[in-house]
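Each chain, written out:
There are 2 protein chains.
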Amino acid sequence: MQNRGNQKVKTRRSDRLIDMTRFLLERPHTLISLTYFAERYESAKSSISEDLAIVKRTFKNRGIGILETIPGAAGGARFIPSISEEECRDFIESMTTEMSEQDRLLPGGYVYLSDLLGRPDVLRQVGRVIARQYLDKQIDAVMTVATKGVPIAQSVSSYLNVPFVILRRDSKITEGSTVSVNYVSGSSERIEKMELSKRSLKRGSHVLVVDDFMKGGGTVNGMKSMIEEFESELVGITVFAEATFEGHRMIDEYTSLLKVDKVNALDKTIHVSAGNYLEKVFGNQ
Amino acid sequence: MQNRGNQKVKTRRSDRLIDMTRFLLERPHTLISLTYFAERYESAKSSISEDLAIVKRTFKNRGIGILETIPGAAGGARFIPSISEEECRDFIESMTTEMSEQDRLLPGGYVYLSDLLGRPDVLRQVGRVIARQYLDKQIDAVMTVATKGVPIAQSVSSYLNVPFVILRRDSKITEGSTVSVNYVSGSSERIEKMELSKRSLKRGSHVLVVDDFMKGGGTVNGMKSMIEEFESELVGITVFAEATFEGHRMIDEYTSLLKVDKVNALDKTIHVSAGNYLEKVFGNQ
Chain A
4 MQNRGNQKVK
14 TRRSDRLIDM
24 TRFLLERPHT
34 LISLTYFAER
44 YESAKSSISE
54 DLAIVKRTFK
64 NRGIGILETI
74 PGAAGGARFI
84 PSISEEECRD
94 FIESMTTEMS
104 EQDRLLPGGY
114 VYLSDLLGRP
124 DVLRQVGRVI
134 ARQYLDKQID
144 AVMTVATKGV
154 PIAQSVSSYL
164 NVPFVILRRD
174 SKITEGSTVS
184 VNYVSGSSER
194 IEKMELSKRS
204 LKRGSHVLVV
214 DDFMKGGGTV
224 NGMKSMIEEF
234 ESELVGITVF
244 AEATFEGHRM
254 IDEYTSLLKV
264 DKVNALDKTI
274 HVSAGNYLEK
284 VFGNQ
Chain B
4 MQNRGNQKVK
14 TRRSDRLIDM
24 TRFLLERPHT
34 LISLTYFAER
44 YESAKSSISE
54 DLAIVKRTFK
64 NRGIGILETI
74 PGAAGGARFI
84 PSISEEECRD
94 FIESMTTEMS
104 EQDRLLPGGY
114 VYLSDLLGRP
124 DVLRQVGRVI
134 ARQYLDKQID
144 AVMTVATKGV
154 PIAQSVSSYL
164 NVPFVILRRD
174 SKITEGSTVS
184 VNYVSGSSER
194 IEKMELSKRS
204 LKRGSHVLVV
214 DDFMKGGGTV
224 NGMKSMIEEF
234 ESELVGITVF
244 AEATFEGHRM
254 IDEYTSLLKV
264 DKVNALDKTI
274 HVSAGNYLEK
284 VFGNQ
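As they're listed, the protein sequences go chains A and B. Count along the first sequence from 1, then add 3; that gives the number in the working numbering. Count along the second sequence from 1, then add 3; that gives the number in the working numbering.
Watch out, some of these pointers could steer you wrong.
One copy or any two copies: either way a pair holds, since identical chains are not told apart in the list.
Stated by the list, open to error - Derived lysine to aspartate or glutamate pairs resembling EDC-like cross-links, with alpha carbons at most 16 Å apart:
#1 Lys63 to Asp18
#2 Lys201 to Asp106
#3 Lys283 to Asp255
#4 Lys59 to Asp22
#5 Lys227 to Asp255
If you are wondering where the hints come from, they were derived from the structure by calculation, not from laboratory data. From a predicted model like this one, the values you see are computed outputs, not experimental measurements.
So here's chain A without its partners, still in its complex pose (with noise of 0.2 Å):
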């Protein structure tokens, strides 16, 4: 009897932690009490703020992310989702790589990225990575601008837990009312426009930026004009890759994971290196 007894207390504690990793893995950012998993698992919190101590450790020694616990019975955990350096290092070179091949080059000096920014493990990783810079800041929305932003923005949103807003250069009538701003496009020295649905973004948030290239920096400073006239407050600005730039970039303060350096037209070869995400949040080594 004393055995089984056992077995079942193990069986249930592993239970937990599985169903555990997986509950708070799907709400990062999100306190969840001690009293709501103690229901849960009708268990006791005594029990369950065991399980959360050993979450806690395997999520550090596995470079997860962070398990904040509060201690007491009106306490519970929050989970926010990190990455190693050892991972950002592994993931931007991986990418360094499948970016340098040879039929990316586009006409124009463009790199063709569709195929990465649709891949579900590449995003994943971009999510991670971005999220890890921003862990100790306030941020209320990921804001982009369509179409190939959007899933950075997803996917950075699903691991900081907060909405993500598009910008559009063309209007259209599922939007409601929107607000405008005009900016000019870095690259050609055009006058364009971009919108945003009124409704999408409240005054006095906090809005991180993010876009899959950046060359002259034009489309994120339009973004920057649109979160002053929602009176809201930018973050940060983190692009999947920046080119060399030879004229006046409108950005200086920005983060970028990749970074295209040589293109040559001639025979079609593109030289990709690691961006400066490495060293603003390692450090230089």
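Guided by the hints, dock chain B onto chain A, whose structure is given.
Coordinates of chain B only, in the frame set by chain A:
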């Protein structure tokens, strides 16, 4: 000493279960070999097999999904995400309530959805619900049209672990060569054009089409033409919401999570009910 030994074994099992859960959740539909896990955790394959049996049971009991285990030393495990019928019903019901809010009605009988389709909690459930319908189907890519279909495609693609591709109404230089199709916009009866990058889809792919909103079905019909252009096969069509449509709908075989039944522009009310998903997936009850 005996105790300490046991403690160590127990600690390692807890650690393995937590990390394994995370590892499997992030790699759906991917066979992970026993050998890989044995090396990752420096543990015997027999212990890993026991771990996987525990994870399998919990995933099943909690409606997280199916863990397919392949027995034997050369075996492994593959995680197929799913969702319980109860969670599907709860989610769809909560969406009918949120969508019936008065201030969603836009001129022309359109419904404002951008806030819902920018919320990570909503998108996670949309992805799980849609992926569940196609658990046993071969799918090589998820297809949608820019911009509002993208978040849905991305979420479904992450649970099926296949890439997604985006059709665009405006050609962009960053897509390289494209294939274009013309289609009749069902609601307005205009002829429109959509393009897809040539290299984004392989011939002979099995394609799942998803979109945010369907009225006449013209856009979805355009995606069907595009699939034919790529000599590929349509596996299914699922939309987040369909509107009642008076005319002749161009698509007869589709799934919808939600249905906008009645729109009253005078008092600005919308009535939203469950779409045909529940009946198609769980049958009449």
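Enumerate the violated hints, using their earlier numbering and listing them in ascending order.
Violated hints: none at all, because every hint is consistent with the structure.
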